[in-house]
Structure formats: structure tokens, C-alpha cells
Amino acid sequence: MFQSGPFTINSPLILVLRNLRARWVRTILTALGIIVGVAAMVAVNATNNSTLDSITRFFDETAGQSDLIVEAPVSGERFDEAVLNEVCRFDEVTAAAPGIMGVTVSADEADNWEEQYSAGGSIVPGTNFWLMGRDIAADEGIHDYQLVDGRLLKPGETTYNMLLVDEYAAEKGIEVGEDFAILTPLDGIVTFRVVGLIDKEGIGQTNEGVIGIVPLNVVQDLFGAAGQIDNIEIVVIDEIANNTEMLEKLRQAMDAALGPDYAVKLPASRGEQVTDSLQIYQQGLDFFSVVSLFVGSFLIYNAFAMTIVERTREIGMLRAVGATRRQVMGMVLTEALFLGVLGSFVGVGAGLLLARLLVSTMAGFTGRPIDQVVATPQNVVTAVLVGIFVTLIAAVIPAWQAARISPMAALHVKGQVDDRRMVRTGLKFGPLMMLTALLVIYEVPLRPEAAFYVGSVMIFILLLGATLSIPVIAPWIERGIRPFIILIFGNEGRLGSSNINRARGRTALTVAALMVGISMVVGINGLTQSFETGINQWMSTALGGDLFVQSPLRIKPDVEA
Numbered sequence: 001m002f003q004s005g006p007f008t009i010n011s012p013l014i015l016v017l018r019n020l021r022a023r024w025v026r027t028i029l030t031a032l033g034i035i036v037g038v039a040a041m042v043a044v045n046a047t048n049n050s051t052l053d054s055i056t057r058f059f060d061e062t063a064g065q066s067d068l069i070v071e072a073p074v075s076g077e078r079f080d081e082a083v084l085n086e087v088c089r090f091d092e093v094t095a096a097a098p099g100i101m102g103v104t105v106s107a108d109e110a111d112n113w114e115e116q117y118s119a120g121g122s123i124v125p126g127t128n129f130w131l132m133g134r135d136i137a138a139d140e141g142i143h144d145y146q147l148v149d150g151r152l153l154k155p156g157e158t159t160y161n162m163l164l165v166d167e168y169a170a171e172k173g174i175e176v177g178e179d180f181a182i183l184t185p186l187d188g189i190v191t192f193r194v195v196g197l198i199d200k201e202g203i204g205q206t207n208e209g210v211i212g213i214v215p216l217n218v219v220q221d222l223f224g225a226a227g228q229i230d231n232i233e234i235v236v237i238d239e240i241a242n243n244t245e246m247l248e249k250l251r252q253a254m255d256a257a258l259g260p261d262y263a264v265k266l267p268a269s270r271g272e273q274v275t276d277s278l279q280i281y282q283q284g285l286d287f288f289s290v291v292s293l294f295v296g297s298f299l300i301y302n303a304f305a306m307t308i309v310e311r312t313r314e315i316g317m318l319r320a321v322g323a324t325r326r327q328v329m330g331m332v333l334t335e336a337l338f339l340g341v342l343g344s345f346v347g348v349g350a351g352l353l354l355a356r357l358l359v360s361t362m363a364g365f366t367g368r369p370i371d372q373v374v375a376t377p378q379n380v381v382t383a384v385l386v387g388i389f390v391t392l393i394a395a396v397i398p399a400w401q402a403a404r405i406s407p408m409a410a411l412h413v414k415g416q417v418d419d420r421r422m423v424r425t426g427l428k429f430g431p432l433m434m435l436t437a438l439l440v441i442y443e444v445p446l447r448p449e450a451a452f453y454v455g456s457v458m459i460f461i462l463l464l465g466a467t468l469s470i471p472v473i474a475p476w477i478e479r480g481i482r483p484f485i486i487l488i489f490g491n492e493g494r495l496g497s498s499n500i501n502r503a504r505g506r507t508a509l510t511v512a513a514l515m516v517g518i519s520m521v522v523g524i525n526g527l528t529q530s531f532e533t534g535i536n537q538w539m540s541t542a543l544g545g546d547l548f549v550q551s552p553l554r555i556k557p558d559v560e561a
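In the working numbering, the protein residues as written are 1 to 561.
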């Protein structure tokens, strides 16, 4: 409520809503700036969370009931199965199951087999067939096989019997009781009798279900790995399994006891290699989401600055009838708050839709399907609050300018905006900020773990410095291109060109928004080209041949002859 003595103006919120409706196109465009920024934040966070959740859930589910896993330090290496006895000496261990895996292909795919890689460089799951040898007796306490048809393998069974995942068996047209042939490195084509089909759950999700489960000794014999295994899955007592701190202490103790030739891990930690390889990609998404908010703040400021200029007479009249500066400033910030809340909530919905597109891209990098979008309440609330905060901050200067409008301004509205302070500020800080950012980026040595964060801050300083410099250099550029504009557009071009100098603040923000957008396009293209060039250089130096021989099995030395 505005009040001066007995004179009162009720419901200032009505003025806010009226202005938003009267300038509905600008209202929508301003809201879009907020929506895009918030949507980018929500989409990026949801994509990163979904990727991590998918990978963690995959390793948790395929690990069954196991709490710890023993592997070789180098992925894929094997070790002596005698270490199982050392693991079982720990009183906290209630079950331990050894396993070994042989990578091969089915016999019917041998002629046309080709290695397939994801965008992230990893082998696409399902490209090869994984023959998994399990100790059936020890495995009963760790993996719960969901039998669909036939029977499970029996403890002590040593024959060439196999379990297949039902989806893969259906794809191959194989039923219980039929034979399934694979390639092996020692005996060539070997045939197994399919005795059971299991559901694609738990261990059945491994390698997208393209697996066969057989007795442990069978894989050892076929792949020349007698007495060797490549993993031990461990179940510990509930008291430790349900306590993260105690489980970590046991892991460290077991890791120290077994020595450097073995690595004791949590099941989900096996996904760290995948998530680590995505770190740069995820950081890039985070950076561009913040840049989107940066550009959005320009649009918000520009829209409110234009609104204040147009409403100078209206605001002056409000001041004349008793509105205080605080009330005028509050009215403008109320508009910003309304748009911030509306834009942020719509941005959350748009971000969740955008995340569905981004997770498909991320799935291409990881080589694993991401079947659900995970958006935590904390990330959603943070995005909404950041959207509202950025909107209010962007509107503070226009609100302050509105509060400084005197009642006399209602009588004579100026068409020229005083940008001298902005020009002085740009001349003082713009070039300095740009120079500082460039020196830090190109000349200051940074630690790898800090390079991304410091570099991101410097890029923002560089962009802000360039924005502040635009009002300074705009007149020079305008004078340089004016003859060409007049030549093309005539007198209309003359008016349009000279109008640039009438409101250099708005010119700066408009140019800055376009500048940042083009910078993002050039930056992404440069990153892609650098990546492609690096790959080509590596291939030229590391791979000297014109043709390469690949095999799903280990290539025998006599192939060269």
C-alpha cells in the first residue's frame, strides 16, 4: 500500500500484474531466460545423477548379496584360487564365492564378429559372449537366480551344462534341452547343453544378458586357467554389512592382509572407472548450465531496464502521489520475484524433459542403458532458489534506477539514457578483467584438480570483462560500419545505426548475450575438433598398420606366420 498523509493507493500487486500483462511479450521472453537457465541446471544435475545411479545400481544388482569383492589390481587379470582360503580366515566373512570369466562369441557369430565401441571408448555390452564360471555350492548364498524354465546347476556339477538368460536364448531361438556352441581358445568350437533359463535380473543383467553360467572348472579348463580365478565375492555378517564405516574398515584390513597383488573393493566401486571417464563430460555440462543462467541474467536485466525507461512517467506519477523510493523498488522486485518463481518452476519441468534427451546421449558414452531419470529434491530446490536469486539480482539495478526517478520525471520524459557511468565503469574494469583472465588461463600453471574450476571462473571474468567493454568500443565499431549500413539500408540504416549509441547499456547486454552464445558454439566445436585431432594423432603414432586383426579370443602367436 502506498500512502501519503490521508491519500492511499491500495494493492500495489495489481500494478505489478497489470504491467506484466500489458507487456506480455516481454514478460514471456524474460521468463524464457529464467526457464532456460533453470532447465539447464535441472537437466544437467538429473543427467549426472541418473548416470551415476544407473551404473551404481547395475553393479549392486549384478553383485547379488556380496558386500566386498576381491579382484586383481589390473582389470581382467587372474590370480591363484588359493587366496580364497585367506579370505575365509576372516571371522567376519560368512560366505565367499570364487568366479572366473572367459570372453568369447557364439559359434554362429564367429564369421561376422566385430568389436563395437561406445562414444566413450568402452566396449558396448553384448558385443561379446561372457562365459561365467561359478562355484555353484558357494554361489547359493550370494546370487539368487530367477529360474524361468528348466533347472539350475547343481553343486558339484562338472559337466558341460549351461544356464542362459531367457531374453538372449529367445533371440538365438534356443530352448531348454538344446545345444549352444561357442568358440574357445584351446578347443575351438565347444557345445554346451542348455539346462535352464534365468530371468534378466541380478546377475542376469551382466553384459546385457549375453552370458552363459557354467561350473567353475569348465571355464578354467577351456581357457587354460587351471587353478585360477578373477574374482571372489564376499558376504559379511549383518552387523558390519549394515554399517558403512565398519565395512570400510574391514575392506581396508582385508586389502592390507592380502597384499598389493589383490584389490578389495565395494561392489559399486567397480563403476568408478566408468564414472571417472565421464568426469570431464559432466563438468562441461555443469559449466554450460551455469553459462545459460549467466546469459539469462543478461536478458532479465535488459528486459527490466527497458521496462523502467518505458514506465518513467508512470513511476514519476506514483512518486508524485506518495509512493516512496522503497515502495517503488519493492514493486519492481516483486515483478522480478513473480517472474523468477514462475520461470523457475516451469524450468524444472522443462529440465526434466531435457534430461530424458541428455541421458540417451550419456548412455552412448557409458555403453549402458539409463532407464530412468533421477532428480533429487535437493537439486530441484537448489535450481529453483538459484533461478529466483539470479532473477532478483539481475533486477536490483533496474529497481534501484526506478526508485531514483523523481516526481518531476512525470512531466518530462527523456528519450536519452545516461550511460556515462557504465562507460566509465567499462573503461576502468573491462580491459583489466579480460587481461587478468587471459593471463591466468594461458600463463599461470594450475594443478590438474583445480584447473577446471579456476578456468571456469576465469572464463566468466573474461565474458564479464568483454561485456563491460562493449559500451566503450560500441561507438567506434558503429562509426566503422555505418557507411556500409547506410549503403544497404539507406536513411533507415542511418537511424538504426545511430540508435546504438542512445542506450549503450542495452546494446552491451544484447551484444553480450549473442557473444556468449556464439562463444559456446565455437567452444564446443573447438573441443570436438581437438578431441578428434588428438585421436587421429594417437592413431597415427601408436597404430602403424593399415589393417588390423581382431579376435574375441586371445590370438595365438602362430597367427602372425
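Don't read these hints as lab results, they were simulated from the structure. Please note: incorrect hints may appear among the correct ones.
Taking lysine-lysine pairs in the DSS-like style, the calculated list, with each CA pair at most 27 Å apart, reads [to be verified]:
1. LYS154 x LYS249
2. LYS154 x LYS172
3. LYS265 x LYS249
4. LYS172 x LYS200
5. LYS249 x LYS200
Derived DEER-like restraints, expressed as beta-carbon distance ranges [what the hints assert, rightly or not]:
6. VAL457 x ARG502: 41 to 49 Å
7. ILE397 x ARG18: 21 to 29 Å
8. LEU438 x PHE484: 26 to 34 Å
9. LEU438 x ASN242: 16 to 24 Å
10. ARG356 x LYS265: 43 to 51 Å
11. LEU427 x ILE14: 53 to 61 Å
12. ALA170 x SER360: 21 to 29 Å
Note that CB positions come from ideal geometry on N, CA and C, so glycine has one too.
Restraint status (C-alpha distance of LYS172 to LYS200 at most 27 Å) = Between LYS172 and LYS200 the Cα gap is close to 15 Å, so the pair holds against 27 Å.
Using the Cβ atoms, figure out if VAL457 sits within 41 to 49 Å of ARG502.
-> Once the Cβ atoms are compared, 34 Å apart, the range 41 to 49 Å for ARG502 and VAL457 is violated.
Taking only the CA atoms, is the gap from LYS249 to LYS200 under or equal to 27 Å?
-> Given pair LYS249, LYS200 is violated - Cα atoms ~33 Å apart, limit 27 Å.
Pairwise hint evaluation, LYS172 against LYS154, where the allowed Cα distance is 27 Å at most = holds, 25 Å
Does the Cβ pair ILE397, ARG18 satisfy 21 to 29 Å?
-> The hinted range 21 to 29 Å holds for ILE397 and ARG18, with Cβ atoms some 23 Å apart.
Taking 43 to 51 Å as the hint, is the beta-carbon distance of ARG356 and LYS265 inside that range?
-> About 32 Å separates the Cβ atoms of ARG356 and LYS265, which means 43 to 51 Å is violated.
Taken at face value, is the distance from the CA of LYS249 to the CA of LYS154 at most 27 Å?
-> Violated, at roughly 35 Å.
Within 53 to 61 Å or not, the Cβ separation of LEU427 and ILE14?
-> This hint is violated: roughly 43 Å between Cβ atoms.
May I ask you to test the hint 16 to 24 Å on the CB atoms belonging to LEU438 and ASN242?
-> The hint (16 to 24 Å, Cβ to Cβ) is violated, given that LEU438 and ASN242 are roughly 54 Å apart.
For the pair LEU438 and PHE484, does the Cβ-Cβ distance stay inside 26 to 34 Å?
-> Check passed, 30 Å falls within 26 to 34 Å.
Is LYS265 close enough to LYS249, meaning Cα to Cα at most 27 Å?
-> Satisfied, since the Cα-Cα distance of roughly 12 Å is no more than 27 Å.
Take the C-beta atom of ALA170 and the C-beta atom of SER360, compute their distance, and say whether it sits inside 21 to 29 Å.
-> Because 25 Å falls inside the window, the suggested range holds.
In this structure, the earlier hints numbered 1, 5, 6, 9, 10, 11 are contradicted, and the remaining ones agree with it.
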